[in-house]
Amino acid sequence: MIRYLCFPAFLLIWEFLSRFKLINPIFFPPFTTIVTTVVDMISSGELWLHLKISLARALSGLFIASLAGVPLGILLGGYAKKLELLLELPLEVLSQLNPFLLFHIIILFMGIGEPPKVTIVAWTCLWPITFSTMTGVSQVNPSLIKSGRAFGLRGLSLITKIVLPASAAQIFAGLRLGLGYSMFMLIAAEMMGASSGLGWLVLNSQENFQLNNMYAGVLVIALAGLVLDGLVWLPLKLWPQLAPREAVNTAGD
Amino acid sequence: MKLSPKKALTRPVTRYGLLALLVIVWELSGRFNLVDQSFLPSFSETIATTVVMFQKSFLFTHTMVSLTRVMIGLCLAVVSGTILSYLLGRVLPSVGWTLEPLFRVFGLINPYCLFPLLVVFFGLGEAPKILILAWVALWPVFFSSLAGLKDIDPALLQLARSMGASKIQIFYKVIIPATAPSIFNGARIGVEMAFFILIAAEMTGATAGLGWIVHNAGALYQVSRIYASGLIIVLLGFTINRFLIFVRDGLFFWGRASLSGRDSLLPQNRTRISPLTLKAVTLTVAVVIGLGIYQIIMAEAKLNDPTVIPEYRVWTE
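Sequences listed follow chains A and B, in order.
To convert, note that position 122 of the first sequence is 121 in numbering that gives the first Met the number 0; the numbers rise steadily by one, no gaps.
To convert, note that position 281 of the second sequence is 280 in numbering that gives the first Met the number 0; the numbers rise steadily by one, no gaps.
Don't read these hints as lab results, they were simulated from the structure.
Heads up, a few of these hints could be off.
[As the list claims (entries may be wrong)] Taking lysine-lysine and the DSSO-like style, the derived pairs with C-alpha atoms no more than 27 Å apart in a straight line are:
1. K172/B <-> K278/B
2. K81/A <-> K172/B
3. K166/B <-> K149/B
4. K236/A <-> K160/A
5. K81/A <-> K20/A
6. K81/A <-> K5/B
[What the hints assert, rightly or not] If the Cβ cut is set under 7 Å, some of the chain B residues that face chain A in the computed set are:
7. A7
8. P11
9. L107
10. K172
11. V213
12. G217
13. L219
[Stated by the list, open to error] Rough simulated footprint, nothing fancy, chain B against chain A, three-plus residues with beta-carbon under 8 Å:
14. 62-71
15. 103-111
Backbone N, C-alpha and C fix where the C-beta goes; we use that ideal spot for every residue, glycine too.
Sequences and hints are given; from them, build the entire structure.
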């Protein structure tokens with residue numbers, strides 16, 4: 000627990016440096032000023048508006064991606080051995096399709112309303128979810144599947160009774176990665192072409208040189224990301240079998 | 000492995016079949032006007048545009064500028080991430096343990112939010128772009144290297160110590176080889192994310208680079224240019240990915256298998272590359288970086304050249 004004191008310590012140092020003008024307070028306003036700005040923006044309702052829009056976009060994108068990604072992953076994972084050669088190259092090329100590039104193309108087809116933003120988030124989340132599910136499904140213990148077959152499970156019932164529970168941890172890890180990606184991409188998409196949302200708020204404040212508002216936006220985005228990631232603990236507590244069996248040592252998760 | 004004649008024929012067909020089919024569908028949908036041509040120009044037209052752009056509008060310069068930014072950013076990230084992780088994981092473990100949550104949060108900070116801030120500090124030149132890439136790639140490298148440090152087999156350290164190795168020798172003979180594969184894995188994730196962010200960063204504030212072309216073409220409604228530069232972006236990403244897999248399998252063959260799920264489909268072929276190949280690869284990378292830096296320096300002058308067709312000059316808001 001002691002090591003979480005590094006957060007208040009960090010903020011205290013920031014506050015101190017800025018208050019005593021050791022770093023330029025115009026570029027680095029004191030932390031308390033930023034918090035005051037956040038409070039002001041909450042009381043004026045401005046922040047809530049943008050937060051609501053951003054969250055709705057991110058979560059609906061994630062929802063669409065999981066609806067498409069999990070079945071796709073099960074399909075690919077189940078037949079991975081047979082389809083390996085066929086899918087290897089197209090999947091590699093498709094996953095290289097940069098979402099920002101795609102954004103410009105999607106705008107051509109869908110215009111500039113909400114659909115392109117949700118689509119871009121969904122596209123970005125689709126890959127971690129699909130690949131994770133695929134890995135999980137292809138790693139299901141074959142003897143489990145054999146014994147399921149021996150008990151007469153076929154098709155959908157085999158998937159719901161054996162494959163899904165056995166690969167739940169991997170699928171969940173994929174969804175969690177997707178959640179991180181969704182916020183990340185959304186902010187970018189909102190900065191590039193939107194007139195609302197947290198990403199727009201940050202970019203707009205920067206362009207108008209309202210650095211207090213910019214920092215407030217950044218703070219709220221960071222907090223929203225932390226809260227969303229923290230919500231993951233709830234299903235983990237309820238269903239411990241979702242916990243990853245092996246620690247994954249990347250920063251992206 | 001010797002393939003039977005039948006397999007030798009069907010293997011390439013299955014391997015490239017789906018991709019070829021996609022390209023054919025793309026081409027035909029353009030040819031027969033199944034999709035509006037102004038939204039989706041056919042594949043052949045996209046290729047033609049790419050060639051024209053290489054000849055007339057410095058596509059090569061833009062590509063090299065983007066590639067070099069990624070490379071410099073990655074180098075910065077690997078060097079600083081490795082030093083930081085050794086410092087915090089090995090030299091001052093208690094400090095590292097205390098600061099780890101703070102670094103986790105730093106790693107979660109959206110690089111996009113950071114970009115306006117960096118522009119405020121470093122202006123509009125190359126510095127903010129390269130720094131944002133370095134920042135993005137730094138955290139995967141750092142955490143991966145830290146995890147690698149924790150995973151070092153203590154028996155190896157004891158063995159080295161019992162054989163009388165000095166601290167410096169242990170560092171060179173045990174710690175660096177043991178963590179190199181994890182650092183490389185981190186760098187691979189890092190370069191992928193950096194490439195991602197680079198395109199975005201070039202879209203919002205740059206006057207050269209592949210992202211800039213896409214953005215510019217989008218704003219000027221030159222649809223075939225969007226697709227042409229997109230083709231190059233995908234090709235470049237694909238090449239970088241394959242190159243990194245090649246390096247990993249050839250240089251860090253003793254490390255654990257890759258972390259990312261999508262590699263599970265790729266063939267695993269881990270054999271050490273010969274010293275000659277290594278020299279050739281190093282030389283190529285050095286030449287590419289050198290050429291890229293030259294192109295970055297030249298880009299400004301070239302792209303602002305008044306004799307160039309106006310359509311391809313730097314577009315200002």
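Quiz item: Going back to the hint list, which numbers does this structure go against?
Solution: As far as the earlier hints go, 2, 5, 7, 8, 10, 13 and 14 are violated by this structure, in ascending order.
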